[in-house]
Amino acid sequence: MPAPIRLRELIRTIRTARTQAEEREMIQKECAAIRSSFREEDNTYRCRNVAKLLYMHMLGYPAHFGQLECLKLIASQKFTDKRIGYLGAMLLLDERQDVHLLMTNCIKNDLNHSTQYVQGLALCTLGCMGSSEMCRDLAGEVEKLLKTSNSYLRKKAALCAVHVIRKVPELMEMFLPATKNLLNEKNHGVLHTSVVLLTEMCERSPDMLAHFRKVRLVPQLVRILKNLIMSGYSPEHDVSGISDPFLQVRILRLLRILGRNDDDSSEAMNDILAQVATNTETSKNVGNAILYETVLTIMDIKSESGLRVLAINILGRFLLNNDKNIRYVALTSLLKTVQTDHNAVQRHRSTIVDCLKDLDVSIKRRAMELSFALVNGNNVRGMMKELLYFLDSCEPEFKADCASGIFLAAEKYAPSKRWHIDTIMRVLTTAGSYVRDDAVPNLIQLITNSVEMHAYTVQRLYKAILGDYSQQPLVQVASWCIGEYGDLLVSGQCEEEEPIQVTEDEVLDILESVLISNMSASVTRGYALTAIMKLSTRFTCTVNRIKKVVSIYGSSIDVELQQRAVEYNALFKKYDHMRPALLERMPVMEKVTTNGPAEIVQTNGETETAVLETKPPPSGLQPANQANDLLDLLGGSDITPVIPTAPPSKPASGGELLDLLGDLNLTGSPVSPPAPQIAQPPFLLDGLTSQPLFNDIAAGIPSITAYNKNGLKIDFTFERSNTNPSVTVITIQASNSTELEMTDFVFQAAVPKTFQLQLLSPSSSVIPAFNSGTITQVIKVLNPQKQQLRMRIKLTYNHKGSAMQDLAEVNNFPPQSWQ
Amino acid sequence: IHFILLFSRQGKLRLQKWYTTLPDKEKKKIIREIVQIILSRNQKTSSFVDWKDLKLVYKRYASLYFCCAIEDQDNELLTLEVVHRYVELLDRYFGNVCELDIIFNFEKAYFILDEFIIGGEVQETSKKIAVKAIEDSDMLQETVEEYMNKPAF
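From first to last, the protein sequence lines are chains R and W. Counting from 1, position 263 in the first sequence corresponds to residue 263 in the working numbering; the numbering is continuous, with no gaps. Counting from 1, position 147 in the second sequence corresponds to residue 147 in the working numbering; the numbering is continuous, with no gaps.
To be clear, the hints were calculated from the coordinates, so they are not data collected in a lab. None of these values were measured; they are calculated from a predicted model. Hints are all accurate, no fakes.
Pairwise CB distance ranges, derived in the manner of DEER restraints:
1. W:Asp24 / R:Met26: 15 to 23 Å
2. R:Lys29 / W:Arg32: 24 to 32 Å
3. R:Pro815 / W:Leu22: 54 to 62 Å
4. R:Asn313 / W:Ser40: 32 to 40 Å
5. W:Arg32 / R:Pro169: 30 to 38 Å
6. W:Arg32 / R:Ile500: 53 to 61 Å
7. W:Leu13 / R:Ser416: 54 to 62 Å
8. W:Gly95 / R:Ser393: 42 to 50 Å
If you want a taste of the chain R side facing chain W, the calculated C-beta under 7 Å gives, among others:
9. Met58
10. Tyr117
11. Gly189
12. Tyr292
By construction, the Cβ of each residue, glycine as well, lies at the ideal position given by its N, Cα and C atoms.
So here's chain W without its partners, still in its complex pose (with noise of 0.2 Å):
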C-alpha cells in the first residue's frame, strides 16, 4: 500500500497515511486529485480505478470514504477486506464508529492503523490482539497527574 486517505462526502480530509515519500506540495496535489476522481464516481462503478501506476481501491462507509494505493501486483479483492478490517478496528475500539469519532479523536485513529498496518503491509490479522495493544497502549498514557509531576527527559 503506497497511501490511505480518508475523507468525507464533502471532500475534507480526515485522515492521511503515507507509506511514501512524497514533498508536501506533491502530496496535496494528490489528494486534490484524487478526492475529485472518487467523489465523481457513481454507485454502479467498481471499487477500483487506475491511476497513474497505482490502483486505487475505495469503499464508502457512511459518510466517510476510505481509499487506499496498492501496486499493480497486488490484490484489489483483499484490499477491500483490508479496509474494512480497519473500518471493524475502529468500531471495537470506539463501540459503533461514526465519522464525528474519527474527527475528535484523529489521534487515536491513527494508532490504531499503526497497530493494523506498518510500512503499508498488515502486521496483524487478529482483530482481539490489534485491539487490545491499542487498549494496553493507553493504559501507559500517564494520567494528568502523573504527566505533571513526571520529569519530561
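Chain R extracted, bound-state conformation (with noise of 0.2 Å):
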C-alpha cells in the first residue's frame, strides 16, 4: 500500500474542490484510507493520518474512529507522536467517551518525563480537558511539579491546578502548602498563573480568602503591582509602553476579591489604586484596560470617597471615549454602581443619554437601562421625551422592556396626570403591540382613578384606534374607556383639548370593527363586546342597534364571546329593568382611594332600589345611585343624622335606603371578584401597590381643601381631641370667589360605615361674593376603628337666579386627622 497522502497535500486537495459534494466525496475516500491504515496497526504514518484526521474533523466531518489512536500516539515514544496525539485527544476526547480514561496512565508517566517539553505536553492536555476522576487521580503529580524551581513547568502546573480545583472543589486544600512561596518568584509567567491560582482560591472558599487575608497576601501584591509600574522598561513584557498588563489586571483583581467587605485589605490598597487610576497612560487600549480593572476595584471594595469620585470620573471619561468598546465598558460599570453612587452617576446623564442613539445594540440596551434608573423627580420630563423617542426608534426586542420601564418611571415621578395620561398614550400608540399583558389592568386603573381627565382620555383613545386597531393591548385599553365614558366622548365635553364631534353610530361603528377585525385577539374582542353593552346605558339613541350587535354574538364560535352575548342578551330581554344597575359607571379603585363611584350616570331607568339590594355582589360594577338615592347619604341607618339648618332639598326617600358607602370595601383588596357572567378579566388588583401622594408632614395637621368648583371653595381644617383620640373635629371654610353672592347654602356629608358623623350649625347660609366672607360648619367624626378617612359631600345653593348642586369626594384627608 503506497504511503498515505501528507497532511499539507490533502489540506491543498481539499481546498481545490468546487462544490460541497466534491470535498465530500474526497474526504470519504481519505477516510476511508485512513482506517484501513489503522486497521494495519501501522507506526510509521499513525501521526500524519491523524494529523489528517484532525483537520477533516475541523471541516465539520466526523472523526471519533480515530480516538483509540490518539491514545497510542500518546503512549508513543516519539515527541512528534505526542504532540499530535495530545492535540488530538484535547479535540476529540473529553471526559464524556469512555476511553479518556485510559489516557490517564500516559498523562502520569508523561507527568515525570524527563524532557519539561513532554511535562507540558501533559501538563497542558490535563489543564485544559481533564476530567474529574483525571483530576481526583493525578492531583499529587501536579501538585509536586508546582514546587518544582522549572519556571516552565511551574506556571503549567499552576493552571493545571487551578483546572483540578474547577473540577474536584474538595481537592483545593492540597494546593494551599504550594502556595506559599509562589510568589516570591520573578518570573512573570509564574507570578501571572499564580495570582489566578490564588483567585480561584479565594473565590471558592471563605476560609482560604481569610487564610489569605492573614497571612498579609496584600502587601505583597501591592508591593509587585508598585514594582510594575515604577519599573523601567521591560521589552519582554511591555504592551504600548505598559510593563506587563495582563498581570495588572490579574492582580487589580485579586486585589479587589481581597478587599471586598475587608477594611484593612481595602486600605492597604488604597494608595496603589489611586496611583494606577491617575498614573496609567490612556491613550490605547491596554491602558484603558487596566483602568476599567481598577475602578470596577475601587468601586466594589471599601474605598474612600474621593477614590470613588475618581472612579466615577475615570468611567465619565470613558463614556466620551470615541472608541465604542470604551463606552461600552463605562456604561455596565456605570450601571452596577448608579445604585451605590447615585448622585454621582446622575452628573453623566446627558452623555448616558445620547449613548441611546449609539448604533450599537449592546450600547443601547445599558443606556436604557441605566437611564431608567437615573429618573427621578427632576428629570422625568426631559428624560421621558427622550427615552419615548427611543422606543419608537428601538428595536423589537427593546419595546417590552422599554415600555414597561416607562410605565413604571412614570407611575413614580409623572408630573401631572394629563402628563402621565399623554406618557401612557404615547407608549401604546408607539409600540402598542409590545406592551405587556399586565400593563392594561394597570392603565385601565389609573385611568379611572384620573376623574377629571376622562373626557379627554376616551377622546385621545378614541382618536388613537379609528385609524388602527391593530395594537391590541391599545385597542384593548381604548375599548374599555370608550365602554365606560362614550357619554362624555359623544357628548364633547373634552376640556384639555379641542372636543372632537363623534356620533353614536360612529363609536359603535369603530368597536364592531374591532369586534368584527381578524386582527383582533379573543380578549380584545371580549372588551370590545361589554364596552358596546355598557354604551346601551350611556347612547340614547342607538340602543337598538347595540341590541342587534349582542344578539348576532350570542352564536358567535368563540365560547367567551357567546358567553357574554347570551347573557347580556338576557339582560336586554328579561332582566333589563337591572340593565342601568349593571352597568354603572366604574368606581375609582382600591390602589388610590377606597371611595365610590366618581360619578353618578343619570339612567334611563327609575329607582329601584328593592330589586338593587337582592342582587348579587356586583362584579366591581357598584349598584345604581341615581341622583335621589343621594339622601342615602344622610337617611342611612349607621350614619348619624346630619341636622342641616336649611331643610334638606329632597325628602328622604323610605326604608330601602342604600347603604351607599358600607358597600365600600374599606379594606385593602379588590373591588370585587368577579361574577361569572360580567367577567371584567383585567381587574386584578391584588398586588397592585402605590403610595398616596400626601404632603409633607408639616407641624400640626395641614388643612385641606375638600372642594373647589365654578366659585365655590371649602377648606377643611382639623383638630383632634385630646381626651378622645377618635374623634376629629373638622371646620369647614366655605368662600365664594365670583361676582355674586351665594345663597341658601347647604352643606351635607355622609361618610363610610365605620364611621360617625356630627354635623353642627352652620354660621350661616349665606356666602358673600368676591371672598369677602366665609360659612363656617363644624362636623365630628368618630373613628373608633382608626380608618382612613373619607367624605362624600353635597352641596347645594342658590347662585346667580339659579339653583345649583354639587356631589364630591374628599378623600385628601391628611394621616393624621385619622390616624
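Make one complex out of these two single chains by using the hints.
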C-alpha cells in the first residue's frame, strides 16, 4: 500500500474542491484510506493520518474512529507522535467519552518525563480537558510540579491546579502549602498563573480568603504591582509602554476579592489604586483595560469617597471616548454602581442619554437600563421625552422592556395626571403591540382614578384606534374606556383639548370593527363586546343597534364571546330593569382611594332600590346610584343623622335606603371578585402597590381644600380631641370668589359605615361674593376603628338666580386627621 | 475564557479551542450561531456581544475573525489584548502570518495557542519566552530519518 498522502497535500487537494459534494467525496475517500491504515496498526504513518483526521474534523466531518489512535500516539516515544496525540486528545476526546480514562496512565508517566516539553504537553492537556476522575488521580503529580524550580513547568502546573480545583473543589486544600512561595518568583509567567490560582482559591472558599488575608497577601501584591508600574522599560513584557498589563489586571482583580468587605485590606490598597488610576496612560486600549479593572476594584472594595469619585470620573471620561468598546465598558460599570453612587452617576446623565442613539445594540441596551435607573422627580419630563423617542426607533427586542420601564417611571414620578395619561397614550400608540399584558389592567385603573381626565382620555384613545386597531393592548384599553366614558365622548365635553364631534353610531362603528377584525385577539373582542353593552346605558339613540350586535354574538364560535353575548341578551330581555344598575360607571378603584363611584350616571330607568338590594355582589360594578339616592347619604341607618339648618332639598326616600358607602370595600382588597357573567379579566388589583401622595408633614395637621369648583371653595381644618383620640373635629370654611353671592347654602356630608358623623349648625347660609366672607360649620367625626377617613359631600345653594347642586368626594384627608 | 474560535469571512472555521465540556453537536450549533451573529455585525458596532450568559469578544485581523467567549466577571478590554497577543505570537513564529499559514499549519497554530493559554487562562505574558518554547519543541520533533528509525513504544 502506498504511503498515505501528507497532511499539506491533503489540505491542498481539499481546497481545490469546487462544490460541497466534491469535497465530501474527497474526504470520504481519504477517511477510508485512513481507516484501513489504522486497522493495519501502522506505526509509521499513524501520526500523519491522525493529523489529517484532525483537519477533516475541523471541517465538520466525523472523526471519532481516531480516538483510540490518539491514545496510541500519546503512548509513543516519539515526540512528534506525542504532540499530535495530545492535540488529538484535546480535540476529539473529552470526559464524555469512555476511552478518555485510558489516557490517565500515559499522562502520569509523561508528567514525570525527563523532557520538560513532554511534561508541558501533559500538563497542558490535563489542564484543558481533564475529567474529575483524571484530576483526582493526578492531583498529586500536579502538586509536586507546582513546587518545582523550573518556571516553565511551574506556571503550567499552576493553571493545571486551577483546572483541578474547578473540577474537584475538595482538592483545593492540597495545593495550599505550595502557594506559600509562589509570589516570590521573578518570572512573570509564574507570577501571573500564581495570581490566577490564588484568585480561584479565594473565590471558591471563604476560609481560603480569610487565610490569605491573614498571611498578608495584600501588601505582597501591592508591592509587586508597584514594582511593575515603577520599574523601567522591560521589552519582554511591554505592551505599548505599559509593563505586563495582563499581570497588572490579574493582580487588581485579586485585590478586589481580598478587599471586598474588609476594611484593613481595602485600606492597604488605597494608595496603589489611586496611583494606578492617575498614572496609567489612556491613549491605547491597554491602558484603558487596566483603568477599567481599577475602577471595578475601587467600586467593589471599601474605598474612601475620594477614590470612588475618581473612579466615576474615569468612567465619565470613558463615556466620552470615541472608542465604542470603551463606552460599552463604561456603561456596564455605571450600571453596576448607579445604585450606590447615584448622585455621581447623575452628573453624566446627558452623555448616557446620548448613548441611546448609538448604533450598537449592546450599548443601547445598557444606556436604556441606565437611563431608567437615573430617572427621578426632577428630570422625569426630559428623560421621558428621550426615552419615548428611543421607544419609537429602537429594535423590537427592546420595546417591551422600554415600555414597561416607561410605565414604571411615569407612575413613580408623573408631574401631572395629564402628562401621565399623555405618556401612556404615546407608549400605547408607538409600541402598542409590545406592551406587556399586565400593563392593561394597570393602565385602566390609572385612567379610572384620573377622574377629571376621563373625557380627554377617551377622546384621545378614540382618535388613536380610529386609524389603526391592530395593537391589542391599545385597543383593549381604548375599548374599555369608550365603554365607560362613551357618553363623554359623544357629548364633546373635553376640557383639555378641542372636543371632537362624534356620533353614537360612529363610536359603535369602531367597536364593531374591532369585534369583526381578524387582528383582534379573543380577549380584545371580549373587551369590545362588553364596551358596546355598557354603551346601551350611556347612549340614547342607538340602543336597538346595540341589541342587534349583542344578539348576533350569541351564536359566536368563540365561547367567551358567546357566553357574554347570551348573558347580555338576557339582560336586555328579562332583566332590562336591572341593566342600568349593572352597567353603571365604574367606581374609582382600590389602588389610590376606596371611595365610591366617581360619577353618577343618570340612567334611563327609575330607582330600583328594592331590586338592587337583592342583587348578588356586583363584579366591580356598584349598584345604581340615582341622584335621588343621595339622600341615602343622610338617611342610612349606620350613619348619624345630619342636622342641616336649611331644609333638605329632597325628602329622604323610604326604608330601603341604600347603604351606599357601606358596600364599599374598606380594606385594601380588590373592589369585588368578578361575577361569572360579567367577567372583566383585567381587574386584578392584587399586588398593585401605590403610595398615596401625601404632602410633607408639617407641624400640626395640615388643612386641605376639600372642594373647589365654580367659584365655591371649601377648606377643611382639623383638630384632634385630646380626651377622645377617635374623634376628629373638622371645621369647614366655605368661600365664594364669584361676583355674586351664594344663598341658601347647605352643606351635607356622609361617611362610610364604620364612622359616625355629627354636623353642627353653620354660621349662616349666605356666602358673600368676592371672598369677602365665609360660612363656617363644624363636623365631628368619630373614627373608633382608625380607618382612613373619607367623606362624600353634597352642596346646594342658589347662585345667579339658579339652583346649584354638586356632589363631591373628599379623599385627601391627611393621615394625622384619622390615624 | 470558555472557548476560542477563528473563522474566515465566509464563515469557514480555522481553529476551535474549547475549555469547557460540551457534546459535539452542541459545539457545532454554537459555532454556527456565533459565526452568524458576528458576521452580521457591521463596522460601527463595538467588539462585544452579549450571548447567553457569556460575553463574546471578537476582532477581525485581515480576513480572519478571532472570537473569545468570556465570563461575566472577565475584563473585556483585556481580552482584546489577549487576542492581539496571540496574533502577535503567530506573527512572530510564522513571520508576517496570513490566513493561509494558519490553514496549512493549523496544528502549529494550536501548539502556539497552547503555549499561551491553558484551561482558559493566560500562562505566559512574555512574547519571547512563549515563542522560544515552541521553537524548542519544534527542535525536539524528530527528522524524517530519526522518525523512521526510532521505535514507537
